[in-house]
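Protein sequences, first through last, are from chains A, B and C. Whatever position you read off the first sequence (first residue = 1), add 1 for this note's numbering. Whatever position you read off the second sequence (first residue = 1), add 1 for this note's numbering. Whatever position you read off the third sequence (first residue = 1), add 5 for this note's numbering.
Hints were generated in silico from the structure; no laboratory data involved. Small disclaimer: the values here were computed from a predicted structure and weren't measured. All residues carry an ideal CB built from backbone N, CA and C; glycine is no exception. Among these hints, one or two may not hold up.
Mimicking DMTMM-like on lysine to aspartate or glutamate, the simulated pairs with C-alpha atoms at most 20 Å apart in a straight line are [claimed, not checked]:
no.	chain 1	residue 1	chain 2	residue 2
1	C	Lys-205	B	Asp-127
2	C	Lys-207	B	Glu-207
3	B	Lys-43	C	Glu-206
Some residues of chain C that are not near chain B, with every Cβ distance over 10 Å (derived) [stated by the list, open to error]:
no.	residue
4	Ser-40
5	Phe-65
6	Val-127
7	Leu-174
8	Phe-187
9	Ile-295
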Amino acid sequence: MAIARFLIRRVLTGIVVLWLVATAAFFLFFARPVNTVAHQLAGRAATPQVIATVIRNLGLNQPILVQYWHFLDNLLHFNLGYSYYTQQSVNTMLKQDLPPTASVVVGGVILWLIAGLAVGIISATRARSLFDRFSAVAVLIGISLPTFVIGELLLLIVFVPLNQHGFHWIQDQYAGPSTGIGNWIGHLILPWITLAAVQAAIYTRLTRGQLLDVLGEDYMRMARAKGLSERRVIFRHGVRAALTPVVSQLGVDVGQLLGGVIVVESVFGLNGLGQVSVQAIDTDNLPVIIGFVVLAAAFVVVANIIVDLTYALLDPRVRIA
Amino acid sequence: MSVPGTENAAAQQANGQQPAPPDSDDDILVRIENVKKYFPIKSVGFTRRTVGQVHAVDDVSLTIPRGRTLGLVGETGCGKSTLARCVAGLIPITSGSITFDGQKISGLSRRAMQPFRREIQMIFQDPYGSLNPRQRVGSIIGEPFAIHNMASGNDRKKRVQELMERVGLNPEHFNRFPAEFSGGQRQRIGVARALAVRPKLIICDEPVSALDVSIQAQVLNLLADLQDEFGLSYLFIAHDLEVVRHVSHAVAVMYLGRIAEAGPKDPVYDHPRHPYTAALLSAAPAADPRTAAQRQRIILVGDVPSPIDPPSGCRFHPRCPKAQDLCQHEDPPLEVKPGDPVTHQAACHFPVQDGEDLATAGSATSAAGSRESA
Amino acid sequence: MSITELEFEAASAESAPEQAIEGRSQWQLTWRRLSHDKVAVISLIIIVIMIALAIAAPAFAALTGHPPNSAYPNTGENAAGLPVSPGTNGFWLGTDGTGRDLLVRILYGARISLFVGVLTTVIATVAGVTIGMVAGYFGGVVDTVLSRFVDAVLAFPYVVLALALAVVLGPSLPVIIGVISFFSWAGISRIVRGQTLSIKEKEYIEAARSLGAGPFRIMFVHILPNLLAPVLVLATLYIPQAIIFEATLSYLGLGIQQPTASWGNILGDAQNFYQQAWWYVVFPAAALLITTLAFNLLGDGIRDAMDPRTERIFAASRARKLARARRRSRRRGQGDLPTASAPGEA
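Just chain A, same shape as in the assembly:
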């Protein structure tokens, strides 16, 4: 009951957020003169008449509010418009380029959470051990390097030597799962590691710190005193309490994930949404840019709802109200 009310409210606010984001993106990009687009489309030697025709064809000569209304109307019908250049539907373009991006995001997040939580928990339970020190160094390097440098270093240290020695499983570029799951993983393993590295470092640190704090609490000592096994103490009592702040951090970080995806796609030459949107930005292809921004915002909104639900399930003190 409470959960249904919570969901309805969150979905409604999510729609408002999406509308605000789409509107902001629309007007932000309209700050650019439309002539640039028309010039590019019509070619360098175009006469003013040709440019005017192009502008009229794209509907850019209408008042901005009319265009905005048109845009909103389309948006309500889940139509993101058509590319200025190819007249292709933006929906189709985004759908086409979704698989590489979705593969990178899903695999990367899973790897990042597993690595971050596992290393964090082991480090906390064996504080000051060799493992702890080693992971601390790795964490520091992880948060001190930009994602794209990690990607380049992986290419240099892993991809190049392996391929030179006739070991061709690990690849750059993208290959879909239809080419074989093994092949798919081989193409994505480096992007996954790259995307996960920085975030895993942050989550290791967070988990370790939280768990150490929790393990020092009186109720943990109490749990030990009543004879629970160490493993049970840590997992039933410690990890559960330590996870709540980690989960709430996750809500903030899904947004940053998309930035990471753009970089990763660029490093490994995956033709996904990130690449398409960077190209669209370069060419002032407004409908594609807005399409990507709206999709990104929708992803952030949905991910945040999921995170908040998880949060409420993990921490009984948080009531969904």
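Following the hints, complete the assembly by docking chains B and C onto the known chain A.
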């Protein structure tokens, strides 16, 4: 001069008694009349509806005589600190009025209140929390001068050092940080800061309860000396009855936002009329072991009820050993009981008689009370 | 406060030479602890060296005879038009994709990276502290509006928006600085707000209010000095983040534009050559890593020095030593706080 600790003209007239001789305004520094302070409880969420109110101070009338000390006692959470903050102008009151030196100070804007900030100063309970750890002692004590543009430069430094000397601190320590002082010394810093702008009233909010007993006496004596020297009035808040007896001229006992009993020190301590006062007195550790042995402790049952939803009638009735039906329905007015001086008032339908044994009565009715509540 | 203090200090200095009773401030204690922390000291030295190298970049250009933007198609590229390896033809660290001296370009890149890192952190810190403090102190509607704004900035995919902004406004150094600052203040603001909320409840704030201090006096004299410690730590840890952000934008071609060198655009170009020229990737990456690592370690060190209770892995032996010393002093019946040598209660 014998000055009433409290007055409640309305209650007295309602009781058909002779009103107390009117105090000339010269004798009264602060007049607190029917002051209420409710804190709204807001719902969590976007609308933040008010779902209830904490009745922290509920219709309190008191006066603080000039050059004297009014002691205010009560358990934690009875509203005494809230009342102090209302008088200091730190929080706005819900209704009623507070006059200082004949001028109304409740409901003033921050700007209009500013001149009175010089006249009313506060000493706080926590000698660690009440001094900014990043400020040097010189700037802490000199801050009132800076705020009220009273002295600057070497003049300010000289006056700060005089103050430090007056409260028993080494004036050469003005460049130190609070962390380098002991609890008692820090409280002296707080006293010096309060004294800096020569106030008429100092509100002492449990000024010694965080200190060691041996140091408590030193600080209390310092406060007494300063009162004589500068003619200060104190509103002295404490939960320690012995401390209040030591420093006060008049005493008021507070329970759950109300005044239970008020009057000059000796009548209240020697002949308590309100069962709550009697219980508090019986629970206080006595300095003299012989008195302690003679005394029978009155054990109060239950906890202090919630100030969000205070009990009907007399607020003390759920815990009172003498409670009867009337107490549940009718709120007793604060009035003078037969045989007492007109300045000694208690809010009780069945006032305690001298020598009455409440301890046994308590155990009997408490059993009845708990059966009733079950 | 500061005026008063200065006056006091000046007066005390001239009046009494025997007054050795100067208070030891929190900062002096912190500095002392920091100077005993080997990792932090080494990090600080590395940062100083990096800054010195960045300043000395023109000297290296003169020394090697290779200005940063000059290409050397004959000596700087091999027969296939690829970069030459370190040590070849007087190029100490080799050349880049267009035959320019990699060492000189990395040093010039350091100027941009450090400048952007420090300046954006300063801007973000000032903005974050001001907004966080105002939100925390005033509360109510002000707080709600500012906090929602902070949430929005934090939750938005900032690389996406930064890309968009850089495109709309056109990439240039001021735009880069503005964009990075805009996406950095919110985190600082959120932490400062939390700190302000807890400081606001302290009794000394109420004491100041009862003295008649106004909101600005309370914020700047009483709250701000108590915020400086966490903010300093935070700022030190934000510098490497800003350097990374700048590098990412430049890598995507939206930051510093060629031919001006920045670590980001060097590494961006290097991506086309990683199969043939490892040095092209490794050296700028190493310069970046060393710098960000040093700032991160220094930030951790400052945090530990400010709050000796936090434990840190690299200071394990130090922590053990400290714990032992504390036990010993407790046995002797001394507190480990520097309590006064002032006269006792008179």
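Tested hints:
1. The suggested pairing of Lys-205 of chain C with Asp-127 of chain B holds, with an alpha-carbon distance near 15 Å, which does not exceed 20 Å.
2. Restraint check for Lys-207 of chain C and Glu-207 of chain B: the C-alpha separation of about 16 Å stays at or below 20 Å, so the hint holds.
3. For the hint pairing Lys-43 of chain B with Glu-206 of chain C, the CA-to-CA distance comes to about 19 Å; that is within 20 Å, so the pair holds.
4. Here Ser-40 of chain C stays apart from chain B, with its beta-carbon at least about 20 Å from theirs, past the 10 Å limit.
5. With a closest Cβ-Cβ approach of about 44 Å to chain B, Phe-65 of chain C is found to remain outside the 10 Å limit, as its non-interface label requires.
6. With a closest Cβ-Cβ approach of about 22 Å to chain B, Val-127 of chain C is found to remain outside the 10 Å limit, as its non-interface label requires.
7. Remark: the non-interface label on Leu-174 of chain C is consistent with the geometry, its nearest Cβ contact in chain B lying 35 Å away (cut-off 10 Å).
8. No beta-carbon of chain B is positioned within 10 Å of the beta-carbon of Phe-187 of chain C; the least distance is around 27 Å.
9. Here Ile-295 of chain C stays apart from chain B, with its beta-carbon at least about 35 Å from theirs, past the 10 Å limit.
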